[in-house]
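Enquirer: Heads up: the protein sequence lines correspond to chains R and F, in order. Its first residue numbered 1, the first sequence is counted upward by one per residue in our numbering. Its first residue numbered 1001, the second sequence is counted upward by one per residue in our numbering.
Just so you know, the hints here were simulated from the structure itself, not pulled from any lab data. Treat each hint with caution, since some may be false.
Simulated crosslink set (BS3-like; lysine-lysine; CA at most 25 Å straight-line) [said to hold, decoys possible]:
1. F/K1022 x R/K4
2. F/K1057 x R/K257
3. R/K4 x F/K1057
4. R/K449 x R/K539
5. F/K1022 x R/K597
6. F/K1007 x R/K514
7. F/K1022 x R/K256
8. R/K514 x R/K202
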Amino acid sequence: MAEKIKITINDKEVEAVKDSTLLQAVRAAGEKVPTLCHHKDLAPDGNCRLCICEIEEAQGHKRIVTSCNYPVREPIKVWTHSEKVVKHRKLLAEMYLSRWPSARPVKAVAKTCGVTETRFRGDHTDDKEEACILCGRCVRACEEFVIEDIVNFAGRSMHRQVTMPFGEVDPHCIGCSSCAYVCPTGAIKIVDDLNHPADAVKIRNAGMKINAEMARLDPLQNRMRQVGTGNIVDVMDQYDILPVMNYKFGSHPEAKKIYCDVFRNNYWTQNQCDGCWLGCSMACAKATEPFELKTGPYKGQKVIVDGPEYETIAGAANMGCFDPEFAIEYNFYCDTYGIDTISFSTCTAFVMEAFEAGQITTEHTGGLELKFGHTAAALELLHQMAKGEGFGVDVGQGIRWLKKKWVAEYGADERFLQDIGMEVKGLEVSEYVTKESLAQQGGYSMAVKGPQHDESWLIFMDMVNNQIPTFEDKAEALYYFPLWRTWFGLFGLCKIIWNDVVPADNYREKDANKVPGHVRSYFRYVEGMLGIDDMSEEKMLEQSARVYNLQRIICRLLGYGHRKDDYPPYRMMGPVTAEEYESRQDRYDKQLKELVKVDPTAKSSAEKVKILRQYREDQYEQMMDVVYKRKGWTRGGIPTLARLKELGIDLPELVEIVRPYQE
Amino acid sequence: MITVNSKELPWLPGMTVADVLKAMNYSYALIAVSVNDQFIARDDYDTFVVEDEADVKALHICHGG
């Protein structure tokens, strides 16, 4: 948040943001200053020197500065067209004109300096219209947009030129075309379009916006380049929605030990290590190298670990483990064994709570003391799972299987296990505490594929922003966002650049949460690939809805597509135990008073848990009805025949599946 | 008293947008703020004074997942 400084520009007093550049301040004041090497999306370089201004600092000292890289930090007087400045600019313009007399940007900028002829002549004149004018924009774009240094300057003085190393085509260049995009003369041209898109320019223009945002805005927003999805650990802990100890709590004093900068400062050494697109300007994937393993078959070896990212780090917190090296070690072994880190951590967190609650004992775990925070026991369980030995064989079957076995064979409390077993449709829940967001509970539980993020992430819209207070509002969000997220899958596009960096003016958009500027860029990209020109929100929703409803029918074929399959375990909806209630007593007591209209005074925690539960379960039921209706499904959660017809997928084989369940 | 995302927050004379965000413990990086339906640029958070009874919206743009 910016401090303002009063400065004087051409004898007029204006306010400038502290640490903004003088060029920004001058232009904001409506004054015109010529530039040649400057580009709005690139770091200022000051090499053309045409943006010079004369300033007088607080001490009365006057001097000439390049305005594009002069930071405003104190009250100063500025003259954009003093006699000295005009004289210097004219001289520069003449020199540029002598070297590149036909380059359009040079001619244009010289004209604004009042120069149309040059007094200078030399042996190095390049009179091509598309001459390289050595502005260095391409060099900066290569470094700043895609974190590469493939294009750079070579040679000195009159022999200075832009080239790749040793004057050869560098195989590391991935043809991102950033250099051509920022080139002011057309000296760099893209001659290949290996994928033969219908409209390559349209695609590049959409893509370059993201590159520029990553270079300029990401450091001020989520720092995806620096810390990737790890930034979410800090956010979740600060907003009380980081899963801690099987989702009992949303934050923990020790969580700071696994904040993203701990990994950045001590462990992560690489960007772009996994299977993402080479040259992606976001490069959110991180890797740890070298990491010496402490356990398992590779104990003592130094390895590269692909991660950890948000879900894996949060999964450690969910097991009550706040040791970053535990997170890295279990990340490595899950990857090596082919085990999903979310399923492992959520399942192990469930086992730990059941163990601490006495539902299972060391007799059942083969001697493993599986308490929250026991990193050694958790890793031993993981190794057992992979080897197919001991208690690991059972835990590898997942929460749904464990619940049944423990109730049937160990006499465990069925209701308690149902409440704390964080799975829906047999899939372990990913790492968000959803108790205070009814919409997110629905997003997870009604998701066709089970409780994962592909069907939206509405916690902040619902819980913090209060943007979707009614059931109808929530239903609309649960209609739009799952379809939008499904659309990424249809086209094989990455979702991360949609909303993990947002345009500077996104806050002015009506539906800011949809990040409309980026939605438009995705549409232009698809149009450019396919040679169409009519992508719209309506068309996107229709394309996705066809697939989404087909998935729901497949879900039904697999035995999960009914209303009964769309209920969350109660831990996802609210506090199961008195311990949980008491940990956030002020919040829950307030809700009882204001929402349920029940006076909590003199009631025991157990009574209050019960009353709050009735209220929340009833809210969920009501929301389900509205969501199903909005999606075009029956009250039982089956797509209606009318909806299939509307989408043009009323194929006989699909109709046959859903017809028996129509109401 | 002002409202922030439909929740009440005691008003203090001279309170700026930055003060409101701090009072709400809003540490999120992607927040768009409006005061009585007027969007406030991030550069102005320190200087824009929130009047009593103002309706403040601090929209957290969802990310992650």
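Enquirer: Each of the hints needs a verdict: does it hold here or not?
Expert: Hints and how they fare:
1. A distance of roughly 20 Å separates the Cα atoms of F/K1022 and R/K4; the hinted pair therefore holds under the 25 Å criterion.
2. Taking the CA atoms of F/K1057 and R/K257, the gap is near 32 Å; set against the 25 Å cutoff, the hint is violated.
3. The suggested pairing of R/K4 with F/K1057 holds, with an alpha-carbon distance near 24 Å, which does not exceed 25 Å.
4. A distance of roughly 23 Å separates the Cα atoms of R/K449 and R/K539; the hinted pair therefore holds under the 25 Å criterion.
5. Restraint check for F/K1022 and R/K597: not satisfied, since their Cα atoms lie roughly 31 Å apart, outside the 25 Å limit.
6. For the given pair, F/K1007 sits about 23 Å from R/K514 by alpha-carbon distance, which is consistent with the 25 Å threshold.
7. At most 25 Å may separate the alpha-carbon atoms for a hinted pair to count; F/K1022 and R/K256 meet this at roughly 19 Å.
8. Straight-line distance between C-alpha atoms of R/K514 and R/K202 comes to about 22 Å, which keeps the hinted pair within the 25 Å bound.
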